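Student: Modelling step: build the complete structure from the supplied sequences, incorporating the hints.
Number of protein chains: 2
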Amino acid sequence: MRIAELSRVSGVPVPTIKYYLRENLLPPGELTSPNQASYGEAHLRRLRLIRALVDLAQVPVARVKDVLEGLDSETMPLHDKIGRAHRAITPQRQLTSTSAAREAATAQVTALINTRGWSIDPEAPALTTLIETLAALRTLDQEHLTDSLDSYADAVEKFTELEVAAVTSRPAPDEIAESVVIGTILGETIIASLRLLAQESISAKRWKALTDDQA
Amino acid sequence: MRIAELSRVSGVPVPTIKYYLRENLLPPGELTSPNQASYGEAHLRRLRLIRALVDLAQVPVARVKDVLEGLDSETMPLHDKIGRAHRAITPQRQLTSTSAAREAATAQVTALINTRGWSIDPEAPALTTLIETLAALRTLDQEHLTDSLDSYADAVEKFTELEVAAVTSRPAPDEIAESVVIGTILGETIIASLRLLAQESISAKRWKALTDDQA
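Same order as they appear, the protein sequences are chains E and A.
Under my numbering, the first residue of the first sequence carries the number -15, and numbering increases by one thereafter.
Under my numbering, the first residue of the second sequence carries the number -15, and numbering increases by one thereafter.
Where hints are given, some of them may not hold.
A pair counts as met if it fits within one copy or between any two copies, since identical chains are not told apart.
Cross-link-like lysine to aspartate or glutamate pairs, in silico, EDC-like; alpha carbons within 20 Å at most [stated by the list, open to error]:
{"no.": "1", "residue 1": "Lys189", "residue 2": "Glu107"}
{"no.": "2", "residue 1": "Lys189", "residue 2": "Glu145"}
{"no.": "3", "residue 1": "Lys2", "residue 2": "Glu53"}
{"no.": "4", "residue 1": "Lys189", "residue 2": "Asp64"}
{"no.": "5", "residue 1": "Lys142", "residue 2": "Glu(-11)"}
{"no.": "6", "residue 1": "Lys189", "residue 2": "Glu141"}
{"no.": "7", "residue 1": "Lys189", "residue 2": "Asp138"}
{"no.": "8", "residue 1": "Lys189", "residue 2": "Asp105"}
Simulated from the structure, these hints should not be mistaken for laboratory data.
Remember, predicted model here, so these are calculated numbers, not experimental data.
Tutor: The following block contains the structure:
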């Protein structure tokens, strides 16, 4: 199909498609004349993947490129492909908590990891994010919100195991890689949405008509 | 303290503090001379809250303003304050899935909500996000990743109940509101980080040295 039809079928504007082509997120189409290219199902599929990462998971375009390069590599270990997916949804954080709060948060996370026997790269971006978030809660006098960390980890481990079982259910190795990477990134959006819905339901039942004074 | 000291203690650059003052995210300091204002502990605390929302939870500045207005209101029902927190971490999505995929995803989510007896506003942003994400997975031939939705919801409900218990443990009503709103937003960052760490640990054990062919 021509670019106009690719745009119509995918719902992605032509200038955006051209931008992805320039940035090598999308492979070039097959030239049918010096000024015209033709695009196939693989382009449509890739385009939909890009939009899901950008729109639903809010991944910056540069990180989308990292993720796709990982997916397309035939030699990169799967663990590294997953690492690219993790970095895509864990932006670098600036640090504004007090050092005492950060020290306490680091100790709490280290204890958690040791207790659970988790094998974690000390450079993992999610490790910094978790420590900084717990430190921020302490700095904001919300330390009580960090008390149940171990129970959260229990529940999180449960659905993570389910997720891993789902992504590894694919028959072909390259399908597993694609499924793991997409599942890692869009799975976060699913869990976050479910959490907000569960919370909204509890909130609606408890607090809908209440102001602070009545809560 | 003067603005330079507020900057030093908080780690936030002076121009950024001035920007927050102009945008009314931070209340003005107390004027000590026509050209000089003094800032107190309340400013430092508010500044840290702003940075935690912006840096750790990636909330856009305009949404931070919504959240803070909610927190400062003495008449807004708590449920609406929570709604502002939800919108802050659930950006509007563009829609690129096929309509058949969206229809199937809508049916799946409706069944989930009915089965669990959740009380959900049909306009809830997380509802759209969940449906669009499930539709995207179907469009990307990853429908098998949506099969365990109900088990995910089980696990999510568990830690959401723990979270609600934690935020409502505060003695004063305005402390509850603050704790609910901060917990809603930063709780997402905690859960997302824990999920990536749990996943990394599983991945490290299974796939660290493997390429696709060996997975």
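Student: Output the indices of the hints that this structure fails to meet, ascending.
Tutor: Violated hint: only 5; rest satisfied.
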